[in-house]
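Novice: Using the sequences and the accompanying hints, generate a full structural model.
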Amino acid sequence: MLIPCPYCGPRDVSEFTYQGDANRTRPDPLSTDREVWDGYVYDRLNTAGDHREYWQHSGGCRSHLLVVRSTLTHAIVSAGFARDAATKPKKTRRKAGARP
Amino acid sequence: MAEQVSPLGPAWMPGRHGRADGEAGVVLTETRPGSIVQAAAFPGSEKAIIAAIKKAAGLSLPDGAGGGIATDTKAAFGIAPGRFLVVDQSEGLADRLRAAIKPAEGAVTDLSHGRTAIRVSGPHAEWVLAKLFAIDLDPTAFPLGAGRATQHHDIQAHLHRTAPACFDLYVFRSLARSFWTMLCHAAEEVGYDVR
Amino acid sequence: MSGSRAATGGRIDRTSSIAFSFDGKTFHGYAGDTLASALLANGVSTLGRSFKYHRPRGLLAAGIDEPNALVTVLRGDVREPNVPATQIEIFDGLTVESQNRFPSLDLDVGAMNQIAGKLLSAGFYYKTFMGPVAGPLKGTRFWMFCERFIRRAAGLGRAGKTADTARYEKMNAFCDVLVVGGGPAGLMAAKAAAAGGGRVILADLDPEFGGALKWSSETIDGEPSRTFVDHTVSALEDAANVRLLPRTTVWGYYDGNTLAALERVGDHKRDAPKGEPRHRHWVIRAGRVVLATGAFERPIVFPGNDRPGIMLADAAARYAVEYGALPGRKIVVFANNDGAYVSAVALRQAGADIVAIIDVRRSVSDHARKLATRAGGELLLGHAVVDTPGGSRFAGAKVQPFDAAAGTLFGTARTIPGDCLAVSGGWSPAIHLASQAGAQARWDDRLQTFLPPDPGQSWSGAGAFLGRFSTAEAIADGIEAGGGSSDLPAVDDEAPDLAPAPVFEIRPAGGKGSKAFVDFQHDVTAEDVRLAHREGFVSVEHLKRYTTLGMATDQGRTSNVPGLAIMAGARGMAIPDVGTTRFRPPFSPVSIGALAAERFGDLKPHRLTPMHDWHVEEGATMVAAGLWHRPMIYGHPGETIEQAYVREAEAVRGSVGIVDVSTLGKIMVQGPDAAAFLDRVYTGMFSTLPVGKARYGLMLREDGFAFDDGTTWRLSETDFLMTTTTANAGKVMQHLEYLLDIAWPDLKVVLTSVTDQWAGAAIAGPDARKVLEACVTGTGVDDAALPFMGIVHGEIDGVPVMICRLSFSGELAYEVYCGAGHGQQVWDALLEAGKPFAMVPYGLEALGTLRIEKGHVTGSEIDGRTTARDLHLGWMLSRKKPFVGSAMMDREGLVADDRLQLVGLVALDNRPLKGGAHLVDHADRALRDSIGHVTSVCFSPAVGKYIALALVKGGKARHGTRAFISDPIRRRYGAVEIVSHHFFDPDGSRMHG
Amino acid sequence: MAEYSALALLKNALTGNRDWKPAWCKPEPKPEYDVVVVGGGGHGLATAYYLAREHGITNIAVVEKGWLGSGNVGRNTTIVRSNYMLPANVRFYEHSMKLWENLSHELNYNVMFSQRGILNLAHTPSQADDFIRRGNAMLHDGADAVWLTPAEIAKKVRGLDVSAKARFPIVGGLFQPRAGTARHDAVAWGYARGADRLGVDILENCEVTGFLRDGDRVTGVATVRGEIRAKKVAIAVAGSTGRVMRLAGIDRLPIESHVLQAFVSESLKPFIDTVVTFGAGHLYVSQSDKGGLVFGGDIDGYNSYAQRGNLPVVEEVMSEMASLFPGLAPVRLLRSWGGIMDMSMDGSPIITTGPLPGMFLNSGWCYGGFKATPASGWCFAWTIAKDAPHPLNAAFTLDRFHRGAVIDEKGQGATPRLH
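Residue numbers (my numbering), protein chains in the order written: chain A, 1 to 100; chain B, 1 to 195; chain C, 1 to 993; chain D, 1 to 419.
The set of hints was computed from the structure by calculation and includes no laboratory data.
Calculated pairs, DSS-like style, for lysine-lysine (alpha carbon to alpha carbon, straight line, at most 30 Å): (1) K269(D) with K269(C); (2) K156(D) with K604(C); (3) K515(C) with K118(C); (4) K269(C) with K161(C); (5) K52(C) with K156(D); (6) K914(C) with K165(D).
So these bits of chain C aren't anywhere near chain A, every CB distance computed over 12 Å: (7) I18; (8) H28; (9) F149; (10) P207; (11) E208; (12) N241; (13) D444; (14) A896; (15) F964.
Derived list of chain C stretches under chain D, where covered just means 3 residues or more per stretch with a C-beta under 8 Å from a C-beta of chain D: (16) 118-124; (17) 160-170; (18) 528-537; (19) 542-550.
Beta carbons are placed, not taken as given, at the ideal position from N, Cα and C, and that holds for glycine.
Specialist: Put into structure tokens, the structure is as follows:
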């Protein structure tokens with residue numbers, strides 16, 4: 001499997017460390033809501049299909065990547081810096097002009 | 001101050017080894033630069049860091065991921081987003097970089113002792129390195145001046161192409177002796193010269 | 001003898017005679033021979049014994065699909081078992097032995113299994129050997145008793161126990177186009193792709209490119225096909241952008257168009273040049289792949305179809321034409337398609353007589369008739385071979401009229417004598433790699449075979465791989481798949497139609513006659529397939545697993561389709577409805593050594609500290625800690641380990657000692673937000689730490705369990721040097737990078753591993769300060785200049801150093817850091833300065849002893865299952881701020897009263913305690929109710945006893961009570977007292993002194 | 001259905017093996033059952049068998065998406081052992097071991113359980129202590145274990161590099177004599193035949209497409225062969241847990257599906273007798289009765305439902321094989337395959353009531369599922385029959401993660417790829 005690192009280019013999977021399900025957002029550190037924390041730490045979406053997940057290019061530039069990869073075929077749909085995804089405002093699914 | 005002690009120890013054996021006939025396929029050298037320094041930019045300050053490297057080391061880095069430049073005594077190349085490895089045969093580069101980089105823009109980390117510089121040059125440099133690294137070494141994919149961060153199993157390495165058939169490798173000092181031994185082993189097939 | 005050398009012909013070098021040994025007997029062949037062709041030419045007909053029934057077997061095929069002729073290649077005591085003789089190029093001195101026979105190939109006692117044949121039907125072992133329910137053979141014993149004999153009888157070659165000293169290597173390659181297969185399709189694809197300018201790799205498993213053109217009688221553009229191959233190959237050799245890999249089997253198609261190939265670099269050489277590997281494991285990342293892997297001929301299943309001398313028709317032709325080795329002089333051909341007629345002509349031209357062509361079809365094409373005439377011999381249409389009477393090799397075919405539509409025999413049988421039977425049952429494209437790359441094969445009714453699926457990855461196919469069997473089609477496909485333009489060479493001969501009649505098995509009425517084999521290597525018969533059907537094992541996977549059909553080393557190349565066809569017949573279904581198995585890597589077996597490459601033998605990564613060579617010269621016993629090597633003790637002659645570490649530890653408590661701590665993980669945490677970042681990852685507060693001071697920190701995992709500890713030094717407002725445990729350095733770095741990239745990308749922090757930048761030496765003991773005073777310049781090291789947890793910068797022997805006063809041993813202690821390249825110099829200077837105080841170097845054992853006496857924890861206690869509170873580190877959990885793990889650390893399971901908690905133990909019997917021992921609270925030695933276990937042990941010179949740290953249920957509440965060691969594994973029992981983990985100087989007066 | 005025996009074998013051999021009957025029937029689904037077990041793998045079939053045998057519930061259907069045993073029961077490295085460290089695991093797996101020891105008799109089907117022993121090699125003194133801790137834990141909870149010195153190991157496993165200069169020097173090994181291997185497919189077939197003989201309907205090619213619901217309560221399954229109502233629905237689908245539970249509206253679970261590769265060498269004459277596992281990395285190897293060395297290593301380490309892995313793990317496992325047995329370097333890898341593991345967040349299984357009323361869940365086997373088959377079925381059957389767990393599986397609940405009562409053998413926390 002090759003993962004296209006946005007900095008280093010496509011690299012062999014052996015250069016990467018899997019950092020798991022990216023369908024989770026770390027709760028507000030001040031939150032004491034146990035259920036939210038439980039969900040974050042233990043529960044996984046475990047998608048059969050295109051799966052959002054983190055990989056660290058630990059054997060290269062060490063960046064964490066947000067990768068969308070099919071868990072059925074291992075085909076990689078997209079890969080970008082996790083940092084970008086985390087800092088960019090979340091895109092709404094609605095297209096401009098569409099009804100709420 | 002005294003010179004650094006090489007980590008290669010008894011593994012460094014000058015002379016011709018491996019296949020004995022013909023020209024040596026590769027020449028292996030420990031280049032022992034005085035300064036190996038990481039300059040890292042906080043997001044948005046990459047340009048400022050590139051300018052600071054120009055000011056402190058006199059090296060103009062090209063744009064682009066993994067872009068780099070090499071002269072006889074100095075080198076710089078990108079190793080990660082906003083991160084550059086800057087190398088100088090003489091000591092004192094870290095201080096010059098610190099003076100040129102504002103703390104709000106980036107950080108300077110001296111790695112002069114932490115990384116060992118090994119040069120692999122010669123007609124079979126690509127062939128020998130291809131045994132160790134899963135990266136495309138062809139000049140079309142890895143052009144002159146460019147740098148790459150990669151690994152050989154447990155050993156992380158930064159590669160810098162400083163001439164068409166010459167690569168400078170930076171590996172963790174503690175692993176340098178093992179890496180050197182593996183490099184020599186890989187080079188036996190084409191014959192190698194340690195200088 | 002049946003096989004013999006033809007008077008002329010073949011791509012062998014008849015001027016170069018080669019001597020080799022088979023089963024201890026010397027034979028001669030020529031350069032260019034395989035072991036198979038050479039033995040065939042020498043008249044050897046039995047090359048192996050079958051798996052289950054130990055039947056004599058000869059060559060069936062001429063290539064990688066050979067199921068029978070597996071042999072062991074010997075290189076000294078190193079054994080390479082199960083190599084097909086068809087894949088071995090002979091060289092002077094080649095030594096080979098046959099397999100699965102005792103005492104010899106010709107006389108094999110295992111052949112008695114044939115007598116019990118019916119008993120040994122598919123799955124017989126599931127139905128018996130359950131044994132008695134009582135008595136000495138109860139339980140599994142009866143089965144295990146019987147199993148021993150079954151195991152001895154099974155198995156093919158014998159593996160060696162002598163270490164293989166051959167060299168194996170890995171090679172990474174990148175290309176725009178990888179062409180797999182060097183037959184006409186592959187050659188043209190490579191040529192066309194190369195013309196396009198991209199980087200091309202062409203791999204073929206044979207020593208020479210050309211595929212079937214090497215034994216074809218066709219002419220291309222007016223030249224013999226072999227000349228055409230030579231010209232094309234030399235043009236490719238001259239192209240700078242083409243890499244040719246002969247003797248290279250592409251065996252795995254992995255994700256992202258990553259393919260794995262095995263190059264047999266040195267198997268055909270007596271001696272390897274220095275540094276050259278025997279096998280090279282290629283990992284090829286290809287932009288796109290052209291699969292031109294050809295097709296395998298398959299046999300027809302009929303009674304007695306495994307007798308030596310019965311061979312695939314194309315293989316027979318290949319032996320004759322490529323190697324000049326005639327498989328027989330009087331050849332009978334048995335076919336269901338036109339391809340065998342071409343083989344018959346080739347055999348005739350090579351010097352054999354064709355006795356008869358027996359075809360199941362009642363009528364054949366004019367082209368076939370013409371070929372039959374050229375081949376000579378009798379043409380028997382609408383007939384089938386129903387048995388092969390004779391002994392240990394083929395002597396003639398019993399034939400009978402056959403109705404192909406009904407699948408029935410009729411009329412009377414007669415025997416046609418001959419010394420070789422050439423069989424063709426149709427062709428199966430080699431779709432294995434395409435199947436590995438994903439997707440199901442599809443059935444083609446006309447060709448009666450499975451064709452490749454639609455590409456799931458970036459590949460295209462060409463030639464016989466696509467079921468386009470003619471050379472002209474292969475050439476046209478190759479050019480198209482290669483993607484470039486090229487002149488289209490013209491093939492001057494008419495191609496035969498390889499579409500077969502749908503006949504897979506000849507089955508005499510009532511199942512009479514000899515065994516009819518489907519899988520030659522696993523001895524699976526047509527009756528076994530039908531038995532599986534009767535017992536309900538009807539899905540293709542059940543069939544495979546119940547009968548072991550197709551699971552041998554040839555991976556069913558010759559058996560899959562006939563097996564499916566028989567099951568389809570039994571179920572009354574079409575073949576594709578029964579299914580096809582998914583092919584898995586490897587396409588053909590790959591040496592374990594090649595895949596291990598340089599990662600076995602002596603080349604192993606070791607992490608060495610700057611003072612490593614000194615430790616070794618000083619006689620230290622080194623111990624591996626992950627990749628690191630660390631001194632365990634610096635033993636004196638005659639000392640035991642315990643005597644050595646006790647001496648070293650006593651020196652530290654009494655005067656001073658020095659220990660190499662360079663292996664501690666060190667991470668630079670830099671940036672305007674570094675302090676805020678540390679507040680979030682550590683349980684304690686770091687933003688309040690002044691510059692020039694260090695603080696002990698504890699990290700939790702997100703789930704609230706303890707993770708790692710260490711000190712972090714504030715070097716400036718924005719620069720921190722974090723230390724981690726040696727073992728966890730990498731994990732901590734990754735944990736921090738994850739948080740910074742994903743949880744808090746807004747923080748301006750840079751993390752850099754500087755473990756290797758710094759050499760570290762800890763000076764510990766009452767005289768530690770005096771040692772530093774004697775050698776440090778540029779700074780004071782007195783209590784005022786360097787208080788507990790203070791940091792100063794100075795020089796030792798002219799080398800800049802950074803000194804932090806902190807203590808793991810509980811003594812007055814300092815960690816001295818300098819650039820790693822100066823580590824030995826500073827170490828030497830410290831030793832020199834320590835001489836007046838009799839300073840000793842100490843190793844991990846003494847370090848451990850000192851910390852156990854102090855009750856400090858390490859990885860044995862922070863084992864991923866303990867909490868900060870379990871380890872009495874609850875005081876480090878800040879209540880002023882959230883930190884990683886703070887939200888989860890108070891869950892009921894983490895604060896339960898019966899958790900294992902850290903305690904100290906003192907042996908009451910004055911005998912050594914051992915890690916891994918359990919504790920119970922009953923004095924009898926009954927194995928029940930463990931209350932915990934021992935984590936770290938030593939003889940404590942300070943306490944004067946054997947002590948230990950342990951994790952015990954409800955720990956603290958048991959202080960002052962007695963418990964008992966229960967270590968049945970080592971038979972160590974005895975009483976201990978449970979005490980506080982602070983054995984020594986609990987108020988820390990010494991390190992503050 | 002006829003008993004299997006040597007005599008039956010002989011009798012049938014004399015009549016041309018014509019009278020053998022199917023090992024299990026292929027019935028049409030009934031509209032309603034007392035219990036529907038989803039998943040015709042080892043655990044599902046064992047559950048049905050023990051429900052019928054131990055609890056007298058025989059109106060059961062086992063529904064299987066593909067062919068029976070097409071999941072991990074037919075894709076593992078066939079190792080049976082109970083060498084765990086934490087009490088909940090040792091007791092559970094030891095119960096399994098005891099069931100294994102009588103399984104062939106009980107099922108009248110030779111599952112070829114062979115107690116060849118398992119040897120865990122230790123490569124450093126601290127690892128030896130860890131293994132001894134485990135061995136002691138096993139002995140305290142009723143399993144068997146002994147310690148072998150390098151010299152004893154050298155005698156037991158010839159070909160193993162026990163020299164001091166070995167790449168991974170061996171300081172000793174923990175040996176469980178009663179551990180061993182069993183023929184994996186036979187376990188599925190034996191349980192299927194056993195359940196069938198007790199009246200269980202085994203429905204192959206019967207993929208579940210949804211759950212029948214009455215409010216929260218699960219009342220049956222919709223399948224490609226029609227709706228089937230059931231008083232109780234039990235899920236035992238290993239790597240497919242995520243997919244099946246999603247059909248019931250449960251999107252998130254403490255489970256990730258990962259691919260694990262396994263390998264077999266070409267067939268060899270007897271080379272190693274016992275099961276050997278390697279402590280310096282991750283490798284386990286045994287030799288099958290057919291002669292192939294069956295071995296495996298770590299999971300690939302990323303979420304996957306594709307039954308295929310990638311090269312890095314192949315190379316890693318082979319390097320460990322060649323390091324341990326330097327004579328095997330020329331021996332050839334014959335075949336590799338992949339199975340889908342239901343990796344739980346602490347590496348231990350889940351056998352529980354719920355999470356919905358009328359539903360029961362069996363999952364989280366990581367790569368320990370095969371050896372657990374008998375006890376998993378036995379405990380799951382108990383849980384289903386009594387609507388409450390047996391003490392042996394009382395700790396294997398879903399809510400243990402949230403309570404912090406994790407059973408973490410490896411101490412790796414909620415990082416499935418490290419379990």
